[in-house]
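Colleague: Start from the sequences and build out the full structure, keeping to the hints where you can.
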Amino acid sequence: MRLSAVCLLYWLQLSLLMSALRGLDFKYHGEEEMVNYLRLLNKKYPNMTKLYSIGKSVQGRELWVLAIGKHVASPVPLIPNVRYIGNIHGNEVVGRELLLHLAEHYLTMYSTNSTIQTFLDSTNIHLLPCMNPDGFHISKPNYCDGIQGRNNSNNFDLNRNFPDSNNPRPPPIQPETAAVIRWVHSTHFVLSANLHGGAMVVNYPLDVFPGDIYSTRSSPSPDDDVFVHLSLVFSRSHANMYKGNHCDDHFVNGITNGAEWYPVLGGMQDFVYKVASGYEVLIEISCCKYPRPSELPKLWIYNKDALINFMMTVHIGVKGIIYGESVQNSSGVPLKGATVSIKGRDIPFYTTSRGEYYKLLLPGNYVLMVSHPLYESYSTFVKVQSYGVTRKDILLSLKSNRSEHTSSTPRRQGAANSTISTVNTFDTANSSSPASPLFHVLTFTLVVVLLF
Numbered sequence: 004m005r006l007s008a009v010c011l012l013y014w015l016q017l018s019l020l021m022s023a024l025r026g027l028d029f030k031y032h033g034e035e036e037m038v039n040y041l042r043l044l045n046k047k048y049p050n051m052t053k054l055y056s057i058g059k060s061v062q063g064r065e066l067w068v069l070a071i072g073k074h075v076a077s078p079v080p081l082i083p084n085v086r087y088i089g090n091i092h093g094n095e096v097v098g099r100e101l102l103l104h105l106a107e108h109y110l111t112m113y114s115t116n117s118t119i120q121t122f123l124d125s126t127n128i129h130l131l132p133c134m135n136p137d138g139f140h141i142s143k144p145n146y147c148d149g150i151q152g153r154n155n156s157n158n159f160d161l162n163r164n165f166p167d168s169n170n171p172r173p174p175p176i177q178p179e180t181a182a183v184i185r186w187v188h189s190t191h192f193v194l195s196a197n198l199h200g201g202a203m204v205v206n207y208p209l210d211v212f213p214g215d216i217y218s219t220r221s222s223p224s225p226d227d228d229v230f231v232h233l234s235l236v237f238s239r240s241h242a243n244m245y246k247g248n249h250c251d252d253h254f255v256n257g258i259t260n261g262a263e264w265y266p267v268l269g270g271m272q273d274f275v276y277k278v279a280s281g282y283e284v285l286i287e288i289s290c291c292k293y294p295r296p297s298e299l300p301k302l303w304i305y306n307k308d309a310l311i312n313f314m315m316t317v318h319i320g321v322k323g324i325i326y327g328e329s330v331q332n333s334s335g336v337p338l339k340g341a342t343v344s345i346k347g348r349d350i351p352f353y354t355t356s357r358g359e360y361y362k363l364l365l366p367g368n369y370v371l372m373v374s375h376p377l378y379e380s381y382s383t384f385v386k387v388q389s390y391g392v393t394r395k396d397i398l399l400s401l402k403s404n405r406s407e408h409t410s411s412t413p414r415r416q417g418a419a420n421s422t423i424s425t426v427n428t429f430d431t432a433n434s435s436s437p438a439s440p441l442f443h444v445l446t447f448t449l450v451v452v453l454l455f
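Each residue of the sequence shown is one higher than the one before, counting from 4 in this note's numbering.
There may be inaccurate statements among the hints.
Said to hold, decoys possible - SDA-like mimics (lysine to any residue), calculated; alpha carbons at most 25 Å apart, straight line:
| # | residue 1 | residue 2 |
| --- | --- | --- |
| 1 | Lys277 | Pro175 |
| 2 | Lys277 | Tyr265 |
| 3 | Lys246 | Ala202 |
| 4 | Lys301 | Asp28 |
| 5 | Lys277 | Gly367 |
To be verified - Cβ pair distances, simulated, as ranges:
| # | residue 1 | residue 2 | range |
| --- | --- | --- | --- |
| 6 | Thr115 | Ser168 | 47 to 57 Å |
| 7 | Thr219 | Ser333 | 52 to 62 Å |
| 8 | Lys59 | Ser403 | 43 to 53 Å |
| 9 | Thr115 | Ala76 | 19 to 29 Å |
| 10 | Ile176 | Ser374 | 26 to 36 Å |
The set of hints was computed from the structure by calculation and includes no laboratory data. C-beta atoms are modelled at their ideal positions from N, C-alpha and C, and glycine is treated no differently.
Modeller: Set out below in structure tokens:
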């Protein structure tokens with residue numbers, strides 16, 4: 004009797020979900036079908052979407068991205084960009100389909116779900132359903148294992164193809180990889196993930212242990228606490244990933260450090276973290292790489308809330324704009340390329356062309372350090388509130404010939420004001436409900452304070 008009730012509940016949820024999707028079938032969409040669907044969403048929601056290509060594959064197929072959000076057409080400072088990439092391995096296809104369903108879910112629920120609405124009003128989402136269209140084109144349906152279609156047309160594994168200072172024999176950069184590299188340099192993605200198949204686990208940096216690149220031992224990054232938190236948000240929001248026992252593997256809490264699982268040279272997540280000032284993880288979302296289409300509804304149900312909740316964690320830590328003192332402008336001008344770091348975390352991040360910086364941090368007290376070749380260095384304390392984002396804008400003074408401000412103790416090093424904004428975050432609930440409390444960012448409280 005209990006089993007029958009569970010089955011009935013499952014099918015009721017599935018029926019409601021399929022009704023809410025309003026049109027997108029649970030099947031594998033070929034290249035033309037996928038592109039046509041992205042164009043359809045762009046045409047149907049012109050004020051909430053932007054469709055663009057970041058480049059072409061070896062065989063000339065476009066790499067299409069659908070951006071979703073209130074501000075994607077005209078970017079607004081301090082609205083963070085987040086990103087999902089699917090199908091980097093051509094024969095790992097579930098992520099490709101889930102991103103199409105995720106796009107439709109966001110857009111169809113925007114007008115009725117306050118959670119989704121608030122998130123899309125404060126975040127730009129970029130979805131690249133397929134990074135390896137040539138590999139997908141030759142992959143075999145219904146094959147859970149195997150490698151046919153995994154690589155691109157030049158037979159390179161795209162997730163071993165990114166620049167990596169640890170790699171003694173780096174391969175030639177492929178067109179698909181080059182397109183993503185240009186993309187992450189032109190658009191600052193604060194948080195991102197690439198979706199894979201063949202396991203069920205969230206894999207976080209670092210992927211290689213420095214000095215022992217073939218070792219299978221944990222290689223924590225300076226932001227290991229943040230990456231563990233991000234990974235747990237996904238695994239705990241997933242239907243069963245957190246249990247950790249899937250696909251003949253065992254991962255405690257459904258997460259793993261990349262190098263501890265197996266080392267990867269030239270992986271995308273380490274490149275994004277070390278070079279592109281972003282936080283990225285690799286998510287394995289299905290034991291079977293190319294499951295039967297009948298499995299897709301279940302996989303969507305299992306992953307939907309996890310995909311949504313993970314992206315919402317972009318609204319933690321500290322963010323702001325770095326200004327440089329200017330003779331022409333007493334308020335300063337936004338500084339591109341200023342170095343921003345947290346004391347004790349030796350991976351620096353860099354400001355965007357609008358002077359923006361973002362550091363995902365867990366609640367606590369930190370020392371924020373800023374430097375630029377033309378300006379006096381600056382350091383100050385910053386307090387990150389519980390599961391919210393703190394805003395701190397900084398004005399740097401032009402360098403003088405005086406030898407000062409050499410102490411490592413945080414202090415005021417030139418005129419600077421700071422604006423603090425605390426944003427309440429979400430409770431992980433069912434995002435299909437219009438009354439869902441999953442992301443309670445309904446008001447932004449601004450408090451202007453002077454730096455000490």
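Colleague: Decide, hint by hint, whether the structure agrees.
Modeller: A quick look at each hint next to the structure:
{"no.": "1", "hint": "Lys277 / Pro175", "verdict": "holds (20 Å)"}
{"no.": "2", "hint": "Lys277 / Tyr265", "verdict": "holds (19 Å)"}
{"no.": "3", "hint": "Lys246 / Ala202", "verdict": "holds (13 Å)"}
{"no.": "4", "hint": "Lys301 / Asp28", "verdict": "holds (13 Å)"}
{"no.": "5", "hint": "Lys277 / Gly367", "verdict": "holds (23 Å)"}
{"no.": "6", "hint": "Thr115 / Ser168: 47 to 57 Å", "verdict": "holds (48 Å)"}
{"no.": "7", "hint": "Thr219 / Ser333: 52 to 62 Å", "verdict": "holds (56 Å)"}
{"no.": "8", "hint": "Lys59 / Ser403: 43 to 53 Å", "verdict": "holds (50 Å)"}
{"no.": "9", "hint": "Thr115 / Ala76: 19 to 29 Å", "verdict": "holds (22 Å)"}
{"no.": "10", "hint": "Ile176 / Ser374: 26 to 36 Å", "verdict": "holds (30 Å)"}
The structure meets every hint from the earlier list without exception.
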